[in-house]
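Undergrad: Spelled out from the first residue to the last, the chains are:
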Amino acid sequence: MTALEVAGLHFSYPDGRQALRGVDLTLAEGERVALLGPNGAGKTTLVLHLNGILHGGAGRVIVDGLAVRPRDRVALTELRRRVGIVFQDPDDQLFLPTVAEDVAFGPANLGLRGEELAARVDEALAAVGMSEHRDRVPHHLSFGQRRRVAVATVLAMRPSLLVLDEPSSNLDPASRRELAEILEGLAVTTLMVTHDLPYALQLCPRAVVLDEGRVVADGPTAELLADADLLARHRLELPFGFAFSRPLP
Amino acid sequence: MGAGHAHWLHRDHDSPVHRLAPEVKITAAVLCTVAVVLTPREAFGAFAAYLVLIGAVAGLARVGPGWLIRRSAIELPFVLFAVVLPFTGHGPRTQVLGVALSVEGLYAGWNILVKGTLGVLVSLLLAATTTPRELIVGLDRLRCPQILVQIATFMLRYLQVLVDEARRMRVARLARGYDPRFLWQVRAFAAGIGALFLRAFERGERVYLAMLSRGYTGRLPEGRAPKASKTQWTAGLSVVAATAVIAVVS
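Going down the list, the sequences are from chains A and B. At position 223 of the first sequence (counting the first as 1) the number is 223 in the numbering used here, and the numbers step up by one without a gap. Take any residue in the second sequence, count from 1 to its spot, add 249: that is its number in the numbering used here.
Honestly, I wouldn't trust all of these hints.
[As the list claims (entries may be wrong)] Chain A stretches covered by chain B per the calculated footprint, using a threshold of three residues with CB under 8 angstroms from any CB of chain B:
1) 69-82
2) 147-161
3) 186-192
[Claimed, not checked] Derived CB-CB ranges, DEER-like:
4) B:R436 with A:P205: 38 to 44 angstroms
5) A:G219 with B:L445: 53 to 59 angstroms
6) B:S478 with A:P198: 55 to 61 angstroms
7) A:V216 with B:R436: 29 to 35 angstroms
8) A:R177 with B:F446: 50 to 56 angstroms
9) B:D261 with A:V216: 52 to 58 angstroms
10) A:M1 with B:V420: 40 to 46 angstroms
11) B:L408 with A:A28: 42 to 48 angstroms
Don't read these hints as lab results, they were simulated from the structure. Built from N, CA and C at the ideal position, the CB exists for glycine as well.
Next comes chain B alone, as it looks inside the complex (with noise of 0.2 angstroms):
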């Protein structure tokens, strides 16, 4: 599949990671994240050995820290919250330098923050090594209902085509002298996004004529990418018993 190189979470090279079917990806995954989330707050080890884990797989990955830390900022508006609650906690109280916070605060902000980043980093992996496209594959193999794969397939092809097109709307607004600077001059651009939805709107019902007229019945073939082996299962799954291992040692 070549699709979605330009897509800018994806790191387009070659790796044992990138090559693993989309599906057990997937799979992994969720499965790794779950663990995570049901490991006890106070299991201190057991997050670090998480950690070392999901880098093993980066590094096997070859996807640099530098590029998984700038990415994971997307998580920073989720963890101020967490940041709060050890000063808004009720119960026992302790000293961290000279302030009192709680403690019942400062687990309960450890614990969003420490599954959160890991969630975060779990998911970049999985974005990192796998295209839009493969994605949707692998869903509709996990046997996602087809309705969400194909609202999937549609976004991940025409989203490009919507944004040229309110570009090209944007340029005419400008090129007739449209310079908003001020709340009252945003009617303009809202009747513009108006114009986008009935262009969509009306584009949908095309498409879906060109559809029809290709002998749709109201289920897309499946991708040509190669269905997981067993050993991409094992391979998958090895990663998945490993954390559910910490999980219940710790």
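The following block holds chain A by itself, in its conformation from the complex (with noise of 0.2 angstroms):
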């Protein structure tokens, strides 16, 4: 089954600027892929695609067999159950005074009301092990918490394709491993933006390489991070002191 078909995506900002010339991509049901490429490449324009909230180019995009169609609102609204995003300041993503209103907003939208929705509260808290800090203010919660709350205010909507920004940018090593962990747990199918390659191996089996607007490569993302010549063509570089000289095991 494919939880994500996009084909022939094209995309220019109003000041003419052109984003995406042309993407295609396939994500299969349950797979953990790492969109990667340097600033600018197109990777955040690509991610708004997801949901409809940019659209207007020429190509197509399909999430679950649902096609993406800006002017149908009753289509919308379940795409955007469908396609959980977390982005990348948590700041940005928890906006009410406490945790669990702001996890309850996603599935609030779709309908849900008493019961219901304190069950998928309670669900979406204990999958990222906020559950005692539900009546927390954000603000008080330490980044690394504010990252898991943001990940479970979009597991709160059940998504069938997840898709996070730099979800281990600003986290302390111990945050980054905690949130390896919970993303590992999850079987819902991933879409992991990152500059973050180390982090991109532990979690990913596949790897995208987005570049200009394009996917310049696409495959096991070990064999990826071995090939010097690729990364250094796409100004992607592995930390200092890492290096793969041929695909891990």
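Since each chain sits alone in its own frame, please combine them into the complex, following the hints.
TA: Here you go:
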């Protein structure tokens, strides 16, 4: 079963800058894929196409069999349920006064109320290990905890595709590992946008490199990261002291 | 609701007044203030009775008089005007400690002072027993326009984020040897305010995108605090009734 199909996707911003020049990408159900690429490669633009926030160029996006049609409001709501985007800065995502209210925001928009809504919130907070912080003010949580709550706000909508924008950025090593453990435990199809190549290797068996609005490489993460020429061509670099001379077994 | 405990006006403990639903407390506070304002200024007994009533509610809420008096200092700039009135007023004069004061001015000053003070005390009691978050929920349930409720919600959430950002920017300025002592050095501060505005604006865009991604359609879902019961309304409105009786009898 195909979880996500992007074909021939083009997009230009109103100022004329062409961000996507024919992106093709297919994700099978249950796959965890890293989306790599330098700054300005079009990663965020692609992500915002997945739930119909950006649209208008050529090409098509199909999520779990549902085509993105920006004019169809009912389909758009369903699309935004299916595609859960966790943004880079948790302070952008968490805008309500308590953790539980914020986690309830998505499912409440889908029409859930009462017991059913409460059950969703409990389930999502439990999945990221934040149940005991449900009544806290987001501002009083640590950055790592806020990132986990941001993941919960999206899980509460039971998405079929989880999109993470730089999930490891600004995390201390322990929070980074804890988040990896949580993400590994989720059974949902995941697209992870990241500059953190070791994190991509740890979590995603497959990686896709996007540069200048096109997919320029697609394969097993270990193989891509061992290809020094490929990395250099697309401004990707392993942190100091890291090197993969050959694919890991 | 566990929000807003860090707020400096809120007294974080449990009492029958704290447990009252926010919409009841807001309604009671507004109606009581209206009754106080409508009371004729010559009805000195009525104002004493109001003070006793406020004292009784404060006692029930376990909010001490010392706390109320310190916090009510906020009205000082406003009542300063009231002190001037007896000296500048026209009409018949009376001798107080050898100083000729305008009778009309004395009444006008007293009117501002007593009604202002009682109003501030009522507001302080509301703030002491209700978290900012509950206030917003209460306003929403009282059919306050959605746009105002949402603005208040966002302010509550992002004020602290903005204050932190401003503090980081200030530290970064100081770290580069900025030491403002004179008015003409205020330029960097002004530029900082501009940068802060831009950052807030951009954050607004990102927050909105994140909300859209979670299916936002223009209305925030309601909080989960229990709504006011009939008993709660009766309790809250009995205070209003007492105030109204005092106002009418006077």
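Undergrad: Against this structure, judge whether each hint is valid.
TA: Evaluated hints:
no.: 1; hint: 69-82; verdict: holds (count 3)
no.: 2; hint: 147-161; verdict: holds (count 3)
no.: 3; hint: 186-192; verdict: violated (count 0)
no.: 4; hint: B:R436 with A:P205: 38 to 44 angstroms; verdict: 54 angstroms, violated
no.: 5; hint: A:G219 with B:L445: 53 to 59 angstroms; verdict: 45 angstroms, violated
no.: 6; hint: B:S478 with A:P198: 55 to 61 angstroms; verdict: 56 angstroms, holds
no.: 7; hint: A:V216 with B:R436: 29 to 35 angstroms; verdict: 47 angstroms, violated
no.: 8; hint: A:R177 with B:F446: 50 to 56 angstroms; verdict: 38 angstroms, violated
no.: 9; hint: B:D261 with A:V216: 52 to 58 angstroms; verdict: 56 angstroms, holds
no.: 10; hint: A:M1 with B:V420: 40 to 46 angstroms; verdict: 52 angstroms, violated
no.: 11; hint: B:L408 with A:A28: 42 to 48 angstroms; verdict: 45 angstroms, holds
Violation of the numbered hints given earlier is confined to hints 3, 4, 5, 7, 8 and 10; the remaining hints are satisfied by the structure.
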